[in-house]
Amino acid sequence: MTLLLTLSTSSLVGLFDEPEKGPDSLLDAPRFAMEHLQLRGLYLEASSLSGWSIRELDRLRDRADKAGCPCLVLADEELLDLSSMDPEVDQQSAGRIERLAVAANRLGCNSIAIRCADVGSEEGMERATSVLRGMMASIERLELNLLLRPTTGLLGTPDGITDLVKRVGGFRIGVLPTYGVGSDVEQEIEHLRKLAPYAGAMIFQVQSYRGKTGHKGINLTSGIETLKKVGYASTVAIEYVGKDPLKDVDKAREELQAAIEAE
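Residues 1 to 263 (the numbering used here) are what the sequence shown spells out, left to right.
Certain hints may be false.
Capping the alpha-carbon separation at 30 Å, the derived lysine-lysine pairs in DSS-like fashion look like this [said to hold, decoys possible]: (1) K243 - K212; (2) K251 - K194; (3) K216 - K21.
Pairwise CB distance ranges (calculated) [to be verified]: (4) K216 - A137: 22 to 30 Å; (5) G68 - L246: 31 to 39 Å; (6) L246 - G108: 37 to 45 Å; (7) K166 - G14: 21 to 29 Å; (8) Q187 - K243: 42 to 50 Å.
If you're looking for bench data, these hints aren't it; they were derived computationally from the structure. Predicted, not measured: the structure shown is a model, and the values here were computed from it. Heads up, the beta-carbon is just placed ideally off N, CA and C, and yes, glycines get one too.
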């Protein structure tokens, strides 16, 4: 399997109020991503599905299947306190993860992604490990992977978050890194190199393009080259944070695809 470029639907939010330019809603995102951006899969944020019924989730999955642009990852932006001493907090976190997993299963996703608040200490790491281990059986029954997104503190470091993954153990837990959130290129590349072997999916943050100078943000080609060197062979989602997704996402796709195909 080679690297496959996909789209974070957060990239399109600004177009939902301008249907003459882009998709008129999230339900139209699969068709638009495939037909206009040539991207073959979607990463979705849980907040964009707030209040949705099972019927609406099924409609989105149906449209994604028909467009040939499947829903792949459902990511939660909420910070979960998995190292709390309070059993009620643990129960709330577990319940949120379970609801996320059920929604992802209806959408046909292969993974859910969560963000964990800083564990603070070895004791906190052990508690977080225990909570996640307790959730894995129900996640695995739905044939999903659980991906951890780097956050802050210990879990903001490659060593810290991969340590948590290894402690939980199993084949269905990994990480979901985002390349391009920092300005230090060398550090971003080093983080990518360390995290890619544990990654079940990947996000590349894309900013605007400026004339001949190209991408305003981090060097996207260097990121792809790093992934190829460490043998990462899965999906890479474009997460656009600029103001003109129609133009810039297309340029990013061209640049990233060229890097993927380069010898």
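Hints, one by one, checked against the model:
1. K243 - K212: Between K243 and K212 the Cα gap is close to 18 Å, so the pair holds against 30 Å.
2. K251 - K194: 27 Å, holds
3. K216 - K21: 23 Å, holds
4. K216 - A137: 22 to 30 Å: With Cβ atoms ~44 Å apart, the hint is violated.
5. G68 - L246: 31 to 39 Å: 21 Å, violated
6. L246 - G108: 37 to 45 Å: 27 Å, violated
7. K166 - G14: 21 to 29 Å: Given about 39 Å between the Cβ atoms, the range is violated.
8. Q187 - K243: 42 to 50 Å: 27 Å, violated
Checked against the numbered hints given earlier, this structure breaks hints 4, 5, 6, 7 and 8; the rest are met.
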